[in-house]
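Trainee: With the hints as extra help, turn the sequences into a complete structure.
Okay, here's what each chain looks like letter by letter:
2 protein chains.
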Amino acid sequence: MNSYCVATYRCYDDKADFHKKAQSIAVGLTVGSWTDLPAAKQKEMEKHLGQVLSVDVTEPPGGGESAEGGTGRYADIRIAYPDANFSADIPALLVTVFGKLSMDGKIKLIDLHFSPSFMSRFAGPKYGIEGVRDLLGVHDRPLLMSIFKSVIGHDLDELTRQFYGQAAGGVDLIKDDEILFENPLTPIEKRVEACMEAARRAKAETGQQLLYAVNVTGPASKLADQAKRAIGAGANALLFNVLAYGFDTLRELSADPDIRVPIAAHPALAGALYPSPHYGIAASVLLGKLMRLAGADLVLFPSPYGSVVMPKEENMAIRHALVTDRLEADYGYRAPGDDGAVPVSPLRASFPVPSAGIHPGLVPWIVRDFGTDVVVNAGGGVHGHPMGAAAGGRAFRQAIDAVAAGIPLEEYGKSHAELGAAVERWGAKS
Amino acid sequence: MNSYCVATYRCYDDKADFHKKAQSIAVGLTVGSWTDLPAAKQKEMEKHLGQVLSVDVTEPPGGGESAEGGTGRYADIRIAYPDANFSADIPALLVTVFGKLSMDGKIKLIDLHFSPSFMSRFAGPKYGIEGVRDLLGVHDRPLLMSIFKSVIGHDLDELTRQFYGQAAGGVDLIKDDEILFENPLTPIEKRVEACMEAARRAKAETGQQLLYAVNVTGPASKLADQAKRAIGAGANALLFNVLAYGFDTLRELSADPDIRVPIAAHPALAGALYPSPHYGIAASVLLGKLMRLAGADLVLFPSPYGSVVMPKEENMAIRHALVTDRLEADYGYRAPGDDGAVPVSPLRASFPVPSAGIHPGLVPWIVRDFGTDVVVNAGGGVHGHPMGAAAGGRAFRQAIDAVAAGIPLEEYGKSHAELGAAVERWGAKS
Numbered sequence: 001m002n003s004y005c006v007a008t009y010r011c012y013d014d015k016a017d018f019h020k021k022a023q024s025i026a027v028g029l030t031v032g033s034w035t036d037l038p039a040a041k042q043k044e045m046e047k048h049l050g051q052v053l054s055v056d057v058t059e060p061p062g063g064g065e066s067a068e069g070g071t072g073r074y075a076d077i078r079i080a081y082p083d084a085n086f087s088a089d090i091p092a093l094l095v096t097v098f099g100k101l102s103m104d105g106k107i108k109l110i111d112l113h114f115s116p117s118f119m120s121r122f123a124g125p126k127y128g129i130e131g132v133r134d135l136l137g138v139h140d141r142p143l144l145m146s147i148f149k150s151v152i153g154h155d156l157d158e159l160t161r162q163f164y165g166q167a168a169g170g171v172d173l174i175k176d177d178e179i180l181f182e183n184p185l186t187p188i189e190k191r192v193e194a195c196m197e198a199a200r201r202a203k204a205e206t207g208q209q210l211l212y213a214v215n216v217t218g219p220a221s222k223l224a225d226q227a228k229r230a231i232g233a234g235a236n237a238l239l240f241n242v243l244a245y246g247f248d249t250l251r252e253l254s255a256d257p258d259i260r261v262p263i264a265a266h267p268a269l270a271g272a273l274y275p276s277p278h279y280g281i282a283a284s285v286l287l288g289k290l291m292r293l294a295g296a297d298l299v300l301f302p303s304p305y306g307s308v309v310m311p312k313e314e315n316m317a318i319r320h321a322l323v324t325d326r327l328e329a330d331y332g333y334r335a336p337g338d339d340g341a342v343p344v345s346p347l348r349a350s351f352p353v354p355s356a357g358i359h360p361g362l363v364p365w366i367v368r369d370f371g372t373d374v375v376v377n378a379g380g381g382v383h384g385h386p387m388g389a390a391a392g393g394r395a396f397r398q399a400i401d402a403v404a405a406g407i408p409l410e411e412y413g414k415s416h417a418e419l420g421a422a423v424e425r426w427g428a429k430s
Numbered sequence: 001m002n003s004y005c006v007a008t009y010r011c012y013d014d015k016a017d018f019h020k021k022a023q024s025i026a027v028g029l030t031v032g033s034w035t036d037l038p039a040a041k042q043k044e045m046e047k048h049l050g051q052v053l054s055v056d057v058t059e060p061p062g063g064g065e066s067a068e069g070g071t072g073r074y075a076d077i078r079i080a081y082p083d084a085n086f087s088a089d090i091p092a093l094l095v096t097v098f099g100k101l102s103m104d105g106k107i108k109l110i111d112l113h114f115s116p117s118f119m120s121r122f123a124g125p126k127y128g129i130e131g132v133r134d135l136l137g138v139h140d141r142p143l144l145m146s147i148f149k150s151v152i153g154h155d156l157d158e159l160t161r162q163f164y165g166q167a168a169g170g171v172d173l174i175k176d177d178e179i180l181f182e183n184p185l186t187p188i189e190k191r192v193e194a195c196m197e198a199a200r201r202a203k204a205e206t207g208q209q210l211l212y213a214v215n216v217t218g219p220a221s222k223l224a225d226q227a228k229r230a231i232g233a234g235a236n237a238l239l240f241n242v243l244a245y246g247f248d249t250l251r252e253l254s255a256d257p258d259i260r261v262p263i264a265a266h267p268a269l270a271g272a273l274y275p276s277p278h279y280g281i282a283a284s285v286l287l288g289k290l291m292r293l294a295g296a297d298l299v300l301f302p303s304p305y306g307s308v309v310m311p312k313e314e315n316m317a318i319r320h321a322l323v324t325d326r327l328e329a330d331y332g333y334r335a336p337g338d339d340g341a342v343p344v345s346p347l348r349a350s351f352p353v354p355s356a357g358i359h360p361g362l363v364p365w366i367v368r369d370f371g372t373d374v375v376v377n378a379g380g381g382v383h384g385h386p387m388g389a390a391a392g393g394r395a396f397r398q399a400i401d402a403v404a405a406g407i408p409l410e411e412y413g414k415s416h417a418e419l420g421a422a423v424e425r426w427g428a429k430s
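Chains A and B supply the protein sequences, listed in that same order.
For the first sequence, the residue numbers in full-length UniProt numbering are 1 to 430.
For the second sequence, the residue numbers in full-length UniProt numbering are 1 to 430.
One thing to keep in mind: the hints can contain errors.
Because identical chains cannot be distinguished in the list, a pair is counted as satisfied if it fits within a single copy or across any two copies.
[To be verified] Taking lysine-lysine and the DSSO-like style, the derived pairs with C-alpha atoms no more than 30 Å apart in a straight line are:
#, residue 1, residue 2
1, Lys312, Lys20
2, Lys149, Lys43
3, Lys429, Lys106
4, Lys41, Lys15
5, Lys228, Lys190
6, Lys47, Lys222
7, Lys203, Lys149
8, Lys228, Lys312
Hints are computed from structural coordinates only; laboratory data are not their basis.
Mentor: Shown next, in the form of structure tokens:
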């Protein structure tokens, strides 16, 4: 039986015959031509032919100009692409479904469904949510990640001091800044050694295990070597700017048997791709489905709460893509060859890490939206705490405890000084 | 003396204080904080501090709503980033200047200037325009490239027949379809052997040397091996879907001393990044400057003439980025540390390949816009010729000859049957 991956496009055009356009995509991006083929050849080529699954046209309510240019008339078009047409890797799939087509007018890739057969070629996250929790010994609450306040131009002593300040507050993960590259002041192996030593000192006081996600950077073919050197120096997690290197490079790092630490995917450059309504790739595909498929154990993305804002429904769509163990939400239609069974995801779940502008007062909102399988990620909310970074970490942990106990932050803050100070500084939205 | 790479952003906001925003970018994406640093620390950190070079605000003419949403108020902001802050590779530069920032509202990276010091770390195209011309022995006219009509589901015999048909028309280059991946019917080494044999047969008739750009695909870390196997089987050029793998992977392929063939960069997925006025990366940066820096010998992009349309000024900006030997157009301002000399590009020029919807009647326009250092790239314009693909190639060569001789295509077509038929079929815009 043939197997298909399914792409959903939103396509804006004031006048196009969208059904005709859908047919031309399904043929043009697969067998090239169809109606002029002899019947015998058609029979032979049918297994390579793209299939139009649905065309849902939305006519503009008024029929006039919308605020976005044009009338706002669009169609959501679903096309099934035979797995037989591409190799089982993300570059081949993306080039097939959105290579040339991305340049063909106002069109956005809004969903992408991987066939069970295609997915079976991917190992996905090596640790995932449960694996990361196992490493930290924390299973019952949201995790807490913090980031350095500033890194460029700082030497090892300064960086280690910052690291210790964060670690002392009881955070679970600390990540490098994504713009910290190989540099003479804090080269990766020395940085890992110094920071992991600070982590050990902090653990002696807090009892808290800690993952340090060190930024893997530089020439593409040397990334795995660099990661292994960092791990050799003691690194127990990696940070990776996935979109600067492509999804297959993440997959290779994640699948490497010698890289036995979780990988946190940074969304750097993602804003060049997801925010336009007319062009690009939806955040749920880019930072959700593809990151998980490629093996990210944790995925950072702009939260709907803070300074870098992504609409809440997009955040929820990313979350769903990262954590769901059932794939029915991708369906709503039957792909050719689909036997109707609801497949269970063969991939471990990735930890969602909504980021930017997070302070302790937002923890109730984060838990309400994401549940406990979330990483609360803070920079200014830790370092900007009136009593210092360690107190900032403690304020977040207290906020997490308060939410677990069902106690409003303002009330919990009365008996927990750090949280109280944070709520006074930033407010609380509980 | 410090050295800086310079990013120019177009930033839309109805109310923002753009000067303040520019300062916050220059500080936030470099040293992190500035005004709260002690004076001694500021002195130490100054070499890492981003510099605002200019902020040009364009207020909306009417002050009201524009057709694009918002008032249309925007600013072009130039920021200089110290080379000291990032390693000398494209991922590090892009993550620095547009990693986090890409997600911060309506902002597009519209230009990127590499410091001479940064550029000096790149070899650029191994062949470039002159090298490709040398390989083909053609120095005085636009080159002609053709592409397969359809590839998926075809076996070696069918593919070879198509190849020969194109080659027999006297084309200079034939490229794989970008959606042809490793597959059981036409695996890369067998495909190369069969097609290069067809190229030899055609050359015996036409006398025309020919480059066959075979598509390098699959796992990221195996691309170089695959390229070398293809070259071992006789391939004399490569096609590469750069944006599916990242610019550094192109750079590594291009810099590999064992890959001694030109590389043609395909723009697949580029439409997810360049067309929006509000988000993404300008085509001249994405398909121009970065492709050349990373070592593409030929760069395909949507032409302004045909079916997949890019505005003409964007095409011209790509062309300039690919071929200019002087970098003054990147300036218009003085970067800190810039001694005022106009640097000459240390990189070979890349061949511009405007593509999609090209027929012989467009050759005069292409030459008018691009000069003779251009590759005329045709698919339907070759295969759809009323007298067949070989005649299609000849029609293009005749059109190129006519333009060189300053003879209108309609006139030249009277004595050259293939061109005459093409002009009758598609018209001529001379």
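Trainee: State the violated hints by number, sorted upward, taking the hints as numbered earlier in the document.
Mentor: Structure breaks hints 4, 8.
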